[in-house]
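Mind docking these for me? Both chains are given alone in their own frames, and the hints should help you get the complex.
First to last, the protein sequences are chains F and S.
So in my numbering, spot 144 of the first sequence is number 144, and the numbers just go up one at a time.
So in my numbering, spot 141 of the second sequence is number 1141, and the numbers just go up one at a time.
No wet-lab data here; the hints were simulated from the structure.
All residues carry an ideal CB built from backbone N, CA and C; glycine is no exception.
Be aware that one or more of the hints could be misleading.
What the hints assert, rightly or not - When the alpha-carbon atoms are kept at most 27 Å apart in a straight line, the in silico BS3-like pairs for lysine-lysine are as follows:
id: 1; chain 1: S; residue 1: Lys1182; chain 2: S; residue 2: Lys1344
id: 2; chain 1: F; residue 1: Lys121; chain 2: S; residue 2: Lys1416
id: 3; chain 1: S; residue 1: Lys1041; chain 2: S; residue 2: Lys1416
id: 4; chain 1: S; residue 1: Lys1425; chain 2: F; residue 2: Lys119
id: 5; chain 1: F; residue 1: Lys133; chain 2: F; residue 2: Lys121
id: 6; chain 1: F; residue 1: Lys121; chain 2: S; residue 2: Lys1344
id: 7; chain 1: F; residue 1: Lys121; chain 2: S; residue 2: Lys1189
id: 8; chain 1: S; residue 1: Lys1416; chain 2: F; residue 2: Lys119
id: 9; chain 1: F; residue 1: Lys133; chain 2: S; residue 2: Lys1262
id: 10; chain 1: S; residue 1: Lys1344; chain 2: S; residue 2: Lys1262
Unchecked claim - Listed next, the stretches of chain S that the computed footprint assigns to chain F, with coverage defined by at least 3 CB atoms under 8 Å from CB atoms of chain F:
id: 11; region: 1069-1075
id: 12; region: 1179-1190
id: 13; region: 1193-1206
id: 14; region: 1259-1268
id: 15; region: 1287-1297
id: 16; region: 1388-1401
Unchecked claim - If you anchor each label on the Cβ, the simulated ranges turn out as follows:
id: 17; chain 1: S; residue 1: Tyr1259; chain 2: F; residue 2: Lys136; range: 24 to 34 Å
id: 18; chain 1: F; residue 1: Leu62; chain 2: S; residue 2: Glu1082; range: 28 to 38 Å
id: 19; chain 1: F; residue 1: Lys133; chain 2: S; residue 2: Glu1012; range: 22 to 32 Å
id: 20; chain 1: F; residue 1: Asp114; chain 2: S; residue 2: Pro1185; range: 18 to 28 Å
id: 21; chain 1: F; residue 1: Lys137; chain 2: S; residue 2: Arg1258; range: 30 to 40 Å
id: 22; chain 1: F; residue 1: Glu58; chain 2: S; residue 2: Gly1420; range: 40 to 50 Å
id: 23; chain 1: F; residue 1: Asp114; chain 2: S; residue 2: Phe1424; range: 22 to 32 Å
id: 24; chain 1: F; residue 1: Leu55; chain 2: S; residue 2: Gly1159; range: 33 to 43 Å
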Amino acid sequence: MVTAKPQRRYEFLAHTADIGIRVRARSLKGLFTNAAFALFDISTVLGRVRPARSLRIELTALDIEELLQGWLGRLLSEWTLNGLLLSNFQLLSIKKGLNNKIHLTARVWGEVFDKTRHKIKKEIKAVTFHDLKVTKKKEGFEASVVFDV
Amino acid sequence: MELVKITDYLWEIPQSAKDGMLVPGRIYTSEQLLKSVGQDKSPEQVMNVACLPGIVKYSLAMPDIHWGYGFPIGGVAAFRIEDGIISPGGVGYDINCGVRLMRTNLTLDEVRPHLTKVISALYNAIPSGVGSAGAIAKLSSADEERLLVEGASWAVKKGYGTKQDLLHTEDGGCLPGADPAKVSPEAIKRGLPQVGTLGSGNHFIEVCYVETVYRPDIASKFGLRQNTVCLQIHSGSRGLGYQVCDDYIHKLLRASERYGIKLADRQLACAPVGSDEGRDYLAAMNCAANYAWVNRQVMMHIARETFAGVMGMPLSELGMELVYDVCHNIAKIEEHTVDGKKVKVCVHRKGATRAFPAGHPALPADYKETGQPVLVPGDMGRNSFVCVGTERAMAETFGSAAHGAGRVASRSQMIKSSRGRNLFKEMEARGVLVMAKSRDGLAEEMPDAYKDVNNVVDVMEQAGITKMVVRLKPIGVIKG
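One chain only, chain S, in its complex shape (with noise of 0.2 Å):
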C-alpha cells in the first residue's frame, strides 16, 4: 500500500493506487495512528469508496479510521448530484447511530456520593441490551409512521423534552423527504417496540465531567465548565435501520447492475442519486434518521427525570439541557464548495460527524458563533471530547471529523483477552462504575479495544478541522 505523506497529518493514496479510481485517498492520521490503519482493510476500503461514480474530490477518511464493510469506518465522501451515487452501505446498518450530550447544574463533588445510585435508576429505567424493547407502552403503527415523518418533535409534542432541546439537534431532529411508504412492513414491526431503547454493541449512557477545558469562551455557551457533570447518549435506529439498510442493498444491488455500476465489494451496492431507486433508498434512510433522533431524545427525557428522581430535584434546578445531538452514520444532499462552485452534492459520513463552522446557516442562532459542537466519544475508561466544527473542515472535508476513538482490537480478540479478569473492578479501579447486561459485550468494549481518544483529537486539531473544546471524563456507564 503507497501511502504519501502530504502533511505530518495528512496522508494519501494516489489515484494510481488502484484500477478504477476516480480521485484520490486522503485519510487524516499521524505516524502513531497510522501503525494501527495498516494492520486491517481500512485502506482498501478508501480506495473501493473512490471508484463509485460521481465521487468528488477525495474518498476520505477521518483519523478513527478502522476496517468496517463496504465503506470504511471513519469514511466520508461526496458525490456529484447529477453522475453520482447513494449508497446504503456508506451510511451503514445503524442509520443515524448518534451522541447526544447533555450538561447538568451540578459538578462532580455534587454527584459523586450518589453515583451508583444514579447509574442503578439510569439502567433500570432505559431499556438496553440485546432485543431491548419496551420504552414507550403500546405504541401503534399510526403513530410509529408518524414519527417517521416528524423525527424528534413528534416526541416532543408527545410529552418527551421540550423545544429548545430540537434546536440543539442536528437538523432539528428531523431530515425532510421521509417517506413511510418506502419503508418494509419488517422494517415498521422491528421499529414498534424498540422507541426508547439503548440496544447493545457499542451503544451507552455515560455519566461524566469535565476534566478540562480548553476555550473557555466557547465552553460557557454549551453550558459547559470545569467539574461539570454531563451526560452522553450513544445509540441508533434500532431494528428498523438495520432492516431498511439490509432491503435496499438487496435493492440496490439490482440497481447496480442495471445502471452498469461495477462493484469492488458488494457491500457498496448503490444507484444514482436521482434515479427512482436511489430516491427511494433516500426516503427510507431519512425515515429511519427521524426514529433515531425520536429514541435518543426519548431516553434523554426518561435519563433527565430518573437523574434529578435520584438527585430529590425538581428538572429546573438540575438544568440537564441538551448540548447538541450528532448523527455519525448518513447521508445527506449539502451544499459545498468544489472548484470554487457551490453545488450540492450527496455526502455520505459512515462513523463520521458533521463539523460545520462558526457562521454556518445550518447552526442555531445560540451557536452562530461558536460553531457546530463536534461530539467525540472516545472508550469508556479514558475520555471523550467536545470540540466545534472550523472553515477547514469545510473546505477539506465537507464539513467532517472523527466520530469516535476507532477501534483496534476484534471483539473475538477482547473475549479471550479477557478471560480470568474481573472487568467491573478493573473500570472501578478506574474510577468508573460500569453496569452491563452481557460481560462478553462489556470484554469487547474494554478500553484497549480502542485508540486512545486524546490521539485522534489531537490529529483533528493539527490538520485545523477542529477545534478542542471540552474534555470529559467518564464516572458511570451503562452497556448494552
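Next comes chain F alone, as it looks inside the complex (with noise of 0.2 Å):
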C-alpha cells in the first residue's frame, strides 16, 4: 500500500480520500517526533521555519494511540488558533501514572507565519482516530496515522 517514500521518518499510505501516513521509530519518543515531524512536512516547507520561539507541552490520555492523536492534534491546533509553525520537538517523557493514564511532556521549538517566508503546501483539517495504530515491532514502534485534508 506504500505510493512514496518522500522523508525517512514517515511514509505516505494510499488512502483514497485523505492522507494516510505510517512512522517507524526505534523508541516511542522517536515515534512521536517523526509524527510530529511529518504532520509539519506536510504542510509547510520545514526547511524555513525557524526555532524562535519554544513551547512546554503536557498531555495525559488513556493509551498509546490516544496520546499520540492528542499529541499531533495539540500541535496542530499551535498551527490553526496560534498562527504557529512548528520545526523542532524534544520528547522529554512518555510514561505510564499511577492511575495507568500515559503522561506526555515536550518541549516543541517553532514560529509564528511569517507569508514573506514560509510557504503553506497543504491544510490539514484534523488528525482522525479512523485506523490509527500504535504497534510494537521487534526493532521499535510503527504506527499509522490518517489526516483529514
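Right, here's the structure in full:
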C-alpha cells in the first residue's frame, strides 16, 4: 500500500480521500517526534521555519493511540489557532502514571507564520482516529495515522 | 467480502458478514463501479456503521462510495431517537460541506469571450486556499454568535443576498436548535476570519453551462435551458466546523465508554441521540451547519457582484438566481416511514445529499411539483448533474442520494503521476480554464482522481432514487 517515500521519517499510505502516513522509530519518543515532523512537513516547507520560540506541552491520555492523536491534535491547534509553525520537537518523557493513564511531556520549537518567508503546502483539517494504531515491533515502534485534508 | 447482488444497481452485505452487525449493508452501485469499491476499505466501513446501536433498516452507501474515516464517504444511516446514536464521525469534520448552484440569464456564447476576466475576477474577489481569510472585515464575536444561530438569514440581513435565496436553500439555510454555548472558544476563534472564504482541498468555484437537458419541464422551473451559464460553489464550515467535530469526537469517545457502546473504529465515537452529550453535539453541529450556509451565501453574493461587474450589467439583468443549496455532511432529525409507521430518526449523511421527492413539505412552493434539486458535482473536467429526488429515495435511502463522483485515486498517487505535466494546459485542452492556489492541490483534484460522475448518476437513475434534469459542463474552475 506504500506509494511514496519522500522522507525516511515517515511514508505515505494510499488512502482514497485523505492522507495516511506510517511512522517508524526505535523508541516511543522517536515515534512521537517523527509523527510531529510528518504533520508539519506535509503542511509547510520545514527548512524555512526557525526555532525562534519554544513551548512546553503536557498531555495525558487513556492509551497510547489517544496520546498520539492528542499530541498531533495539540500541535495542529498551535498552527490553526495561534499561527505557530513548529519544526523541532523534543519528547522529554512518555510514561504511565499511577492511575494507568499515560503522560507526555515535551518541548517544541517554531515561529509564527510569516507570509514573506513561509510556504503552506497543505491544509490538514484534523488528526483522525480512523485506523490509528501504535504497534511494538521487534526493531522499535510503528504507527499509522490518517489526516483529514 | 461477500456482496450479494439484489438488482443490477444494488448490492447487499449480509448481516452475517461481521459479528455485531445489527442490520445488513446496502451499496447502490453497478458491476463497473463495484471494481473500485472492492479496492479500498469502504465496504468494511459500511459494516462498522451497521454495528452502531439503534440503526434502522440498512447501513447504506451511495454510488460515489469511497474510503473515508469512520463512516464511508457516500454513507447514509438513520438511527432511532429512543435507543439510537448520533456520531460526529458520521457527519465529518467539514460540517455542512455543501454545494450551491446559481443560474444566469446568459448563454455560453455570451460568457465565453469574457471567461478569463470572469475567472480572474472571482479568484481575486473570493479568498481561497489554505487558511483563506478576510472576505468580511471585522466580524465581531457577537456577530459570529448571531450567525451561528440565525444561519443564512443573518447574511441576507447584512446585505449579502436576498430573501429569495433562503427559500432555495436546504432548511432555509438555518437548522434550529443551534446553541453557541456548546461551541468551544477555540472553534469560535477559528471561525472569526473565515466567513466568505472557499478554503482548500476539494472546494471549488466553477463556471459551467447546461450541456444536456433531460427533463425540460423540470429544468425550466429551475431556470435552466440548453447553454444557460451557471455557477457552482462547493465549500463548508471551514475551521469552525473542523474544531467542533474534533472537540466532540473526544467528548463522545468518553460517552461511548459510559454508555457501553462498542466501537469498531474510534472515529465512530458516538452518544445516544437523547443523552446530554448527544444533544450538546447536535446543538454545536447545528451552529457549524449555519456557519457553512452563511459562508456560501456570502461567497455567492460576492460572486454575483463580481460577475455582473465583469459583464458590465446590472444584477437584475444578470439574473444570477440561486437554483438550490444542498448540504452533504450532516445529521438531522427527520420523519421517515419505517415498517409502515412514520417515525422520527436521526439521519446521518456523510458525503450524501438529501433527495426529497415532489410534494414533500420541506420543499419551497415553486419546487413542490418538481422534487428537491439534487446537486451532484463531478470532477473539474467532465460533468456535474442536477437531478431531483424521488418517492423511491424516500422509501429506500431515507431520501438520500450521491454527493459527487467519488475519488478513486489517492492524493499522493495523483501528485506522483502529475510530475512533469502542465496541468493548467491539460485542462485548457479540455476546454476548462483553471486557476488554483497550489499546483499540488490541483494535481490532487485532476479528473482522473475521480470516478466518472455520469456512471454515478446513471446508477441512481436506474435504481430510481433520483431523476436526471440537466447535465452541466465546466468552462472555468477556481481551486483553493
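Going through the hints against the structure:
1. Lys1182(S) - Lys1344(S): Given pair Lys1182(S), Lys1344(S) holds - Cα atoms ~24 Å apart, limit 27 Å.
2. Lys121(F) - Lys1416(S): 15 Å, holds
3. Lys1041(S) - Lys1416(S): Given pair Lys1041(S), Lys1416(S) holds - Cα atoms ~22 Å apart, limit 27 Å.
4. Lys1425(S) - Lys119(F): 24 Å, holds
5. Lys133(F) - Lys121(F): At roughly 26 Å apart (the allowed maximum being 27 Å), Lys121(F) and Lys133(F) satisfy the hint.
6. Lys121(F) - Lys1344(S): It is violated: about 44 Å lies between the C-alpha atoms, which goes past 27 Å.
7. Lys121(F) - Lys1189(S): Holds, because 23 Å separates the two Cα atoms, which is no more than 27 Å.
8. Lys1416(S) - Lys119(F): 20 Å, holds
9. Lys133(F) - Lys1262(S): Roughly 17 Å separates the two Cα atoms, so the pair holds.
10. Lys1344(S) - Lys1262(S): 24 Å, holds
11. 1069-1075: holds (count 3)
12. 1179-1190: holds (count 3)
13. 1193-1206: holds (count 3)
14. 1259-1268: The restraint on the region 1259-1268 of chain S holds, since 3 of its residues have a Cβ under 8 Å from chain F and three suffice.
15. 1287-1297: Three-residue rule not met by the region 1287-1297 of chain S, so violated; n is 0.
16. 1388-1401: violated (count 0)
17. Tyr1259(S) - Lys136(F): 24 to 34 Å: At roughly 31 Å between Cβ atoms, Lys136(F) and Tyr1259(S) fall inside 24 to 34 Å, so the hint holds.
18. Leu62(F) - Glu1082(S): 28 to 38 Å: 30 Å, holds
19. Lys133(F) - Glu1012(S): 22 to 32 Å: 30 Å, holds
20. Asp114(F) - Pro1185(S): 18 to 28 Å: Taking Cβ atoms as reference, Asp114(F) and Pro1185(S) lie about 26 Å apart, which means the hint holds.
21. Lys137(F) - Arg1258(S): 30 to 40 Å: Distance hint for Lys137(F), Arg1258(S) holds at roughly 34 Å.
22. Glu58(F) - Gly1420(S): 40 to 50 Å: Distance hint for Glu58(F), Gly1420(S) holds at roughly 47 Å.
23. Asp114(F) - Phe1424(S): 22 to 32 Å: 28 Å, holds
24. Leu55(F) - Gly1159(S): 33 to 43 Å: 42 Å, holds
Of the hints listed earlier, those the structure fails to meet are numbers 6, 15, 16, in rising order.
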